[in-house]
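Visitor: Sequence:
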Amino acid sequence: MVVGLAHTLRAAGVEAAPDRLHVFVDALSRLDVGRRADVFWAGRLTLCSNADDLPRYDRVFAAYFGDRPGTLVRRPVLPQLRPQTLAAGEKEDLAPEEQDDEGEQQAAAAAASRTEQLRQRDVAELSAHDRADLYALLAAFRLPGETRRSRRLTPATRGPVDRARTARVLLRSGGEVSGLRRHRRSERPRRVVLLVDVSGSMTPYSDALLRFAHAAGRSSDRPIEVFTIGTRLTRVTAELGHRDPDEAMAAAAKAIPDWSGGTRLGELVQQFLDGWGQRGMARGAVVVVLSDGWERGDQALLGEQMARLHRLAARVVWANPLKARPGYAPLAAGMAAALPHVDDFVEGHSLAALERLASVVAGVRTGSGTAHSTRRTREVEHA
Numbered sequence: 001m002v003v004g005l006a007h008t009l010r011a012a013g014v015e016a017a018p019d020r021l022h023v024f025v026d027a028l029s030r031l032d033v034g035r036r037a038d039v040f041w042a043g044r045l046t047l048c049s050n051a052d053d054l055p056r057y058d059r060v061f062a063a064y065f066g067d068r069p070g071t072l073v074r075r076p077v078l079p080q081l082r083p084q085t086l087a088a089g090e091k092e093d094l095a096p097e098e099q100d101d102e103g104e105q106q107a108a109a110a111a112a113s114r115t116e117q118l119r120q121r122d123v124a125e126l127s128a129h130d131r132a133d134l135y136a137l138l139a140a141f142r143l144p145g146e147t148r149r150s151r152r153l154t155p156a157t158r159g160p161v162d163r164a165r166t167a168r169v170l171l172r173s174g175g176e177v178s179g180l181r182r183h184r185r186s187e188r189p190r191r192v193v194l195l196v197d198v199s200g201s202m203t204p205y206s207d208a209l210l211r212f213a214h215a216a217g218r219s220s221d222r223p224i225e226v227f228t229i230g231t232r233l234t235r236v237t238a239e240l241g242h243r244d245p246d247e248a249m250a251a252a253a254k255a256i257p258d259w260s261g262g263t264r265l266g267e268l269v270q271q272f273l274d275g276w277g278q279r280g281m282a283r284g285a286v287v288v289v290l291s292d293g294w295e296r297g298d299q300a301l302l303g304e305q306m307a308r309l310h311r312l313a314a315r316v317v318w319a320n321p322l323k324a325r326p327g328y329a330p331l332a333a334g335m336a337a338a339l340p341h342v343d344d345f346v347e348g349h350s351l352a353a354l355e356r357l358a359s360v361v362a363g364v365r366t367g368s369g370t371a372h373s374t375r376r377t378r379e380v381e382h383a
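For the sequence shown, this note's numbering gives the first residue as 1, with consecutive numbering after it.
I should point out that these hints are in silico values taken from the structure, not numbers from a laboratory. Backbone N, C-alpha and C define an ideal beta-carbon position, used for all residues, glycine too. Keep in mind that a hint or two might mislead.
[Said to hold, decoys possible] Pair ranges (Cβ atoms, derived):
(1) S260 x R151: 38 to 46 Å
(2) P204 x L153: 43 to 51 Å
(3) G261 x R365: 31 to 39 Å
(4) L331 x G159: 44 to 52 Å
(5) A300 x R148: 27 to 35 Å
(6) G261 x A62: 31 to 39 Å
(7) A164 x A62: 47 to 55 Å
(8) P257 x D32: 51 to 59 Å
(9) L45 x G200: 45 to 53 Å
[Stated by the list, open to error] With a Cα cut of at most 20 Å, we get these calculated DMTMM-like pairs of lysine to aspartate or glutamate:
(10) K254 x D274
(11) K323 x D274
(12) K254 x D244
(13) K323 x D122
(14) K254 x E187
(15) K323 x D207
(16) K323 x E125
Could you put together the complete structure from these sequences and hints?
Guide: As structure tokens, this is what we get:
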């Protein structure tokens with residue numbers, strides 16, 4: 001339960017460092033783990049490190065255990081679980097109060113175990129009830145990202161001497177040197193662009209991936225642009241700007257004319273680059289393609305446009321839901337043409353896979369794409 005909760009918190013942007021996790025476990029050992037409020041407040045006081053973590057923790061805890069706890073101590077409200085058969089005479093040996101406490105502890109552990117299993121399951125295999133639980137977890141998702149060095153300078157304690165500021169200080173102090181002023185180049189968040197495939201072959205995953213894009217845009221402190229690709233290219237950044245996930249999905253559904261249609265990846269990547277990418281949206285950005293790679297158009301065109309995108313973007317990441325299936329190989333014409341120009345090739349079939357995708361966007365390298373080694377070779381040769 002503790003490990004699963006920590007994984008979900010980290011995906012939502014709460015650090016939940018290992019040392020804090022040990023303090024949390026120690027606190028639980030001194031409290032009643034069968035009481036929902038005890039677990040809630042123990043985690044809130046130990047796993048959160050700043051004020052921004054508190055609302056994220058509240059949302060994750062509510063999604064993870066099913067219902068938001070109040071400020072009062074009360075019995076946990078947990079989802080219905082399958083009845084478990086006890087050995088004859090086992091329940092009669094306990095007092096009624098002990099039976100209730102033990103039942104609540106088992107129910108809490110079962111609910112947490114179910115959430116951990118839900119994180120690992122393929123989205124295409126989920127029932128309607130499981131999808132609703134998955135969407136609640138996705139609503140608390142957060143997409144961190146990389147930073148890049150800008151041309152703007154900011155004051156710093158170390159770095160090159162800031163001559164202008166140092167001269168102004170000397171003038172104010174009558175020429176007495178009280179210390180040199182220094183500066184450094186500031187850090188700015190790197191833009192993230194999401195290209196979500198909504199074609200017919202991606203129907204089992206499209207809804208979850210768009211909700212992932214919505215949560216990423218709502219929770220991130222960096223510019224995030226979202227496009228859908230199928231037979232048309234549709235920019236849905238504004239539609240996914242609604243605070244409520246269901247309203248955002250309804251707005252996106254009205255804006256997307258080609259939902260569950262065909263696939264023309266090469267033409268649409270070219271259209272994106274001609275209309276937005278070449279003008280600056282893709283330049284220096286992390287571009288994430290969420291698609292199974294099926295291409296009904298010209299695969300040679302897709303390869304050319306992916307190479308063009310790779311030259312513009314800081315990194316190109318491709319998340320393929322089919323990659324997790326046993327025996328999968330990127331042999332489809334579209335995927336085979338695009339893969340040489342992809343820096344990181346990852347899975348995208350489950351919540352846990354999307355959490356790993358978020359870490360890749362944040363800068364953790366997988367080395368699974370062939371373009372990474374090519375780009376690294378060019379950087380070494382240039383150096």
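Visitor: For each hint, tell me whether it holds in the structure or not.
Guide: Here's how the hints hold up against the structure:
1. In this structure the supplied range 38 to 46 Å holds for S260 paired with R151, their Cβ-Cβ distance being about 45 Å.
2. Checked against the hint of 43 to 51 Å, the C-beta distance between P204 and L153 comes to roughly 49 Å, which is consistent with it.
3. At roughly 34 Å, the beta carbons of G261 and R365 sit within the given window of 31 to 39 Å.
4. For the pair L331 and G159, the beta carbons lie near 50 Å from each other, so the given range of 44 to 52 Å is met.
5. As the Cβ distance of A300 to R148 is approximately 32 Å, the hint placing it in 27 to 35 Å holds.
6. For the pair G261 and A62, the beta carbons lie near 36 Å from each other, so the given range of 31 to 39 Å is met.
7. For A164 paired with A62, a C-beta distance near 51 Å keeps the hint of 47 to 55 Å intact.
8. With their beta carbons about 55 Å apart, P257 and D32 fall inside the hinted range of 51 to 59 Å.
9. In this structure, L45 and G200 meet the distance hint of 45 to 53 Å, their C-beta atoms being roughly 49 Å apart.
10. Distance hint between K254 and D274 is unfulfilled; the C-alpha atoms sit about 25 Å from each other, more than 20 Å.
11. For the hint linking K323 to D274, the alpha-carbon distance of about 29 Å lies beyond 20 Å, and the restraint is violated.
12. Our distance criterion of 20 Å between C-alpha atoms is met by K254 and D244, whose separation comes to about 16 Å.
13. Note on K323 and D122: the hinted pairing holds, with a Cα-Cα distance of about 11 Å set against a maximum of 20 Å.
14. With a C-alpha separation of about 38 Å, the suggested pairing of K254 with E187 is violated against the 20 Å cut-off.
15. With a C-alpha separation of about 19 Å, the suggested pairing of K323 with D207 holds against the 20 Å cut-off.
16. Proximity of K323 to E125 is assessed by CA-CA distance (about 15 Å); at most 20 Å being required, the pair is judged to hold.
Hints 10, 11, 14, counting from the list given before, are not met by this structure.
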